[in-house]
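**Student:** Chain residues, written in single-letter form:
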Amino acid sequence: MDTRWADSEYIVYTSTATRTHVLFQAPEGQPRLVVKILPTGSAFIHLVAAPVAAFLLRARSTGRTFGVHHTTSGVVPLHPAQKSITIKLDHALKLAQDPNKKYFYNNSPTKKRTMSKASLKNAIKFSDKARSSEFVVQMKGITKSFPGVVANDHIDFDLKRGEIHALLGENGAGKTTLMKILYGLYQKDEGEIYVRGEKVNIKSPHDAKALGIGMVHQMFEQVYKHSVAENIALFSPPGQLFPVEKVKQRFVELSKKFGWDIDPDAKIWQLSAEERQRVEILKVIYQGSNILIFDEPTSVLTPQGKSELMKWLKKMRDEGYAIIFITHKLDEVLEISDRVTVLRKGKKIKEIATSKATKEALASWMVGREVLFKVKKKVVRKGKRVLEVKDLQVLGDRGEKAVNGVSFDIYEKEIFGLAGVGGSGQKELIEALAGLRKVESGKFLIDGIDLTNASPREITEKGVFYVPEDREISGVILTMSVKENLILRDYYRPPYSRKFALDWKFIKQDAHKKISQYKVATPSIETIASLLSGGNLQKLILARETSGKPRLLIAAYPTRGLDVGSVEDVQNILLQLRETGSAIFLISEDLDTLMMMSDRLAVICGGRLTGIVDPTEMKKEEIGLMMAGTMCEEVLRARGKRKIRG
Amino acid sequence: MLGVKEKFGVRLEKRPAPSLRVDIGISILSFVAALVACSPILSLLGYNPIDVYSEMFKDAFGGFAAIARTLTKAIPLILVSAGAALSFKAKIWNIGAQGQMIMGAIAATWVALFSPFQNGSGEQIALMLVLGILAGLAWGAICGFINEKIGVNMVITTLMFNAIAIKFLEYLLHGPWKMPAIKYPYTDPLPASSWLPVISDTTIHYPTLIAGIASVILLYLVLKRYKLGYEIRVFGENRAAAKYAGISSFKVIMIVMSISGALAGLAGVGEVAGLHHQLKMGVEGSGAVYAASYGYVALYIAWLGKCNPLGAAFASFLIAGVLIGGESLLVMGIQMAVVSVILGMALLLLMAGVYLSEYKIVRRRSVEK
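Chain order of the listed sequences is A and B.
Residue numbering for the first sequence is 234 to 879, as defined by my numbering.
Residue numbering for the second sequence is 10 to 378, as defined by my numbering.
Just chain A, with the same shape it has in the complex:
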């Protein structure tokens, strides 16, 4: 079945501008037609006629209230060969209800109902204006400012039918803001948006969905304890009872079409990140969207999952979906997109066909300077053992064994990497080591001292510092100043404080020193942390956690969400620590970085280590297999090679 919403059959009326209309949408798979009833200004049309027409057409009401801005979506399919027609609405209704007319399709035969012609005497016209536009989305001169920053500064962006348009930029460059404007989550300050050639005013995600725009969020909007079908039904338009059974049927059809095998009765929490993302994609398609926005979709996936996703994105493009791909990863842009728009600091820097772009050029547009893609890693001999973990078991939030018997050691002058799909027990393991989560059984020692279930402060005092995963939740206090954030770890001891009082003079001096040493870009040390970009926040955290020469630094996802420039800075800070004798426990979802940075690499799956390997001797795909649960021995046996242990 052809899934594309054929825009050649997409027809809107041409008439005087009015917002009141009835918008009929075909479900995906059928040509669709938008019918707009011209109002005479009579409340009757808004309150009675439009809903009645929608009902007769087996329409699903997406309107919030019957009133001035009533939007209803329904089904008026048109024969593919037909370009343009002009009919009266009552005629259209009759045709729609007549199962014998072959070019009008009806979901189910309905009883013939009569409508008062007087109430609908306004003529409806269809035109093929939409067809004349090559672009499905055009955003012109979009400007949006937040207090203190211009997030989008007169940005032009467009999207063609059947293309993948990558939106590339550092964090804080304004990509997500731009897309949130398109999706109706933010309101633009200036600029115009055209969807299929028609100027639109998108006031809420509801409006966006009615226009066929769907967004796959970075953090999935799903209810954990509900089933897949319930989650999809939840986001289907209001005005119906809870249509789970219907949804299930449609969902199975849809997922089969994509070759995905997802049980609609499975609960969300039982699914892997990949499956949850697929549910999210199907949800958006189910809503009838054909303009899809993906916000950094690969950040939660394994390498295998990533290449699967890429394959599907291409397939969807070929089927006629228009796709916007938000990312800060250059390789993904080059791999998947047809065109790329680069944003930097709220401004559009470049728009180019991907085939003409190189990685280096993209990076320099994005960051505004030359970027090296390889860190210089000196050869150092590893020293004494710092951390010893013995058969550690830790419970997760739901009481399950999140870490199930993990043992490893980390030495001085060593970066020990931990790879794994998100939710494999990394979070619980790190929190246990930082003293934030209770250890069920097993133990861990720092320099030979047992610190199992010690308090966070006791652990810190033994020289263990920690860059947390949820940077903006527990890593910094967004509402406090830079200088106050810099003392979060050490405020209680000299030289930062005396017996009771804080030594603000020293704290200020020290803050100035740290922000210049770690290149934290901030207007002043009194600036509120929430005004700093992600990269600068991370450097602030690193300044706090590493300037005290840690014995062991636990760095959880230190480069997550950072732009290329900041990633480089962070990596250099870690490498420098390694050279000066610290042990580093590096947890990341970016396998390339891990393999480049780590001296040894452990892979975790389902709370167990599937192996500890030398990353220089492994292929990325092999580590991907281990991330999916294959033991290292098996991977190596398949290759006929000896395993390396540290």
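It is possible that part of the hints are untrue.
Here are some chain A residues pointing at chain B (derived, C-beta under 8 Å) [what the hints assert, rightly or not]:
(1) Pro689
(2) Val709
(3) Ile710
(4) Leu721
(5) Ala734
The calculated BS3-like cross-link candidates involving lysine-lysine, where the alpha carbons are at most 25 Å apart (straight line), are [to be verified]:
(6) A:Lys695 - B:Lys236
(7) A:Lys671 - B:Lys260
(8) A:Lys782 - B:Lys236
(9) B:Lys252 - A:Lys732
(10) B:Lys236 - A:Lys746
(11) A:Lys436 - B:Lys369
(12) B:Lys252 - A:Lys695
(13) A:Lys607 - A:Lys853
(14) B:Lys158 - A:Lys671
(15) B:Lys233 - A:Lys746
(16) A:Lys732 - B:Lys236
(17) B:Lys252 - A:Lys716
Source of the hints: derived by calculation from the structure; they are not laboratory data.
As the structure is a computational prediction, the values presented were derived from the model and not from experiment.
Heads up, the beta-carbon is just placed ideally off N, CA and C, and yes, glycines get one too.
Got chain A; can you put chain B on it based on the hints?
**Tutor:** Chain B in isolation, oriented as in the chain A frame:
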């Protein structure tokens, strides 16, 4: 630029940094707004609003006697709102000041009337103060303990403890501590030797006032300069970060609840030993129906002062003036219900002002071609 037209649409935008000038300006504006809003009601009742307001102002702030009255009323408010500001700074929703005040008052009364320590000396007054403070402290600390160790919601715990304290007071006044001579639920008057000294010709019990001002300044400094203050602020702004930094939530909650409980307890002692000189129902409030317990009034005072003890102290004085003004309305013969409406309106608009002062009005510009 050609084609740029300024439209007179406006919108609210969050202010990046607070400013003292704006805060004060908005407070004055919302006060004026409250007066304007109440004027029609007064006019309907046949009063001239201007006369009424000038009378209120005269009663609250016109002359030495008026200011002394207001200051007397401000004493418990300063103490309790300083404690409330501290708890709110730590985002600990302690609304148990009423109960803590009552327990302080009961403890002081016990020392003065029923304990073996009634020797009329200075030590006895000291003992009243200390036991009153300890009673309030304990009442607060128990709530903190229950909240932290058992996990009961702080709001519910403190509310329930208010109810317990009120019922305990009722029991004492109707039972063992009832004044034998009359039927009303009062205790005997406290012996004059156990009264707190006052500034002559006024009712200002200055030891409590001095203690109040001292604790306000001390709390302000602690929050700004001391390790404990830093811990409290971090805890209030971001509990996850506090945990991560190794700040013990038990310690912070217990300390904050103890301090605010102690301050409320002291306020309770002040009301009994400095003003009423006997224990009675409503001892923790201004006695009139329209103003609930000081324990609750102080909660919005803390917000008015933006959870800053100094700000809360100034707001206490202002609100005390409003309460005194309300009493003068009663004297003028305006019904209690109307007075409640007027005071409620004034407080509501002041609170709205606090909220608005976090925003600024931005004129929206749009490009038209």
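**Student:** Within 25 Å, alpha carbon to alpha carbon, are Lys236 of chain B and Lys746 of chain A?
**Tutor:** 22 Å, holds
**Student:** Does Ala734 of chain A hold up as a contact with chain B if the rule is Cβ-Cβ below 8 Å?
**Tutor:** Holds, about 5 Å.
**Student:** Would the hint on Leu721 of chain A stand, with a C-beta cut-off of 8 Å toward chain B?
**Tutor:** Interface hint status for Leu721 of chain A: holds (5 Å vs cutoff 8 Å).
**Student:** So if I understand the rule, the pair passes when the alpha-carbon distance is 25 Å or less; does Lys671 of chain A with Lys260 of chain B pass?
**Tutor:** Holds, because 20 Å separates the two Cα atoms, which is no more than 25 Å.
**Student:** Using Cβ atoms only, decide whether Ile710 of chain A comes closer than 8 Å to chain B, and label the hint accordingly.
**Tutor:** 4 Å, holds
**Student:** Are Lys252 of chain B and Lys695 of chain A close enough, with their CA atoms no more than 25 Å apart?
**Tutor:** Distance ~17 Å between Lys252 of chain B and Lys695 of chain A Cα, so the pair holds.
**Student:** Within 25 Å, alpha carbon to alpha carbon, are Lys233 of chain B and Lys746 of chain A?
**Tutor:** Holds, because 22 Å separates the two Cα atoms, which is no more than 25 Å.
**Student:** Regarding the pair Lys607 of chain A and Lys853 of chain A, is the alpha-carbon distance no greater than 25 Å?
**Tutor:** 17 Å, holds
**Student:** Need the status of pair Lys252 of chain B, Lys716 of chain A: alpha-carbon distance at most 25 Å?
**Tutor:** 19 Å, holds
**Student:** Lys158 of chain B and Lys671 of chain A: Cα distance at most 25 Å?
**Tutor:** 17 Å, holds
**Student:** Mind checking the alpha carbons of Lys732 of chain A and Lys236 of chain B for me, to see if they're no more than 25 Å apart?
**Tutor:** Within the cut-off at roughly 9 Å; holds.
**Student:** With a cut-off of 25 Å on the C-alpha distance, tell me whether Lys782 of chain A and Lys236 of chain B pass.
**Tutor:** Holds, because 23 Å separates the two Cα atoms, which is no more than 25 Å.
Hint compliance for this structure: no hint is broken.
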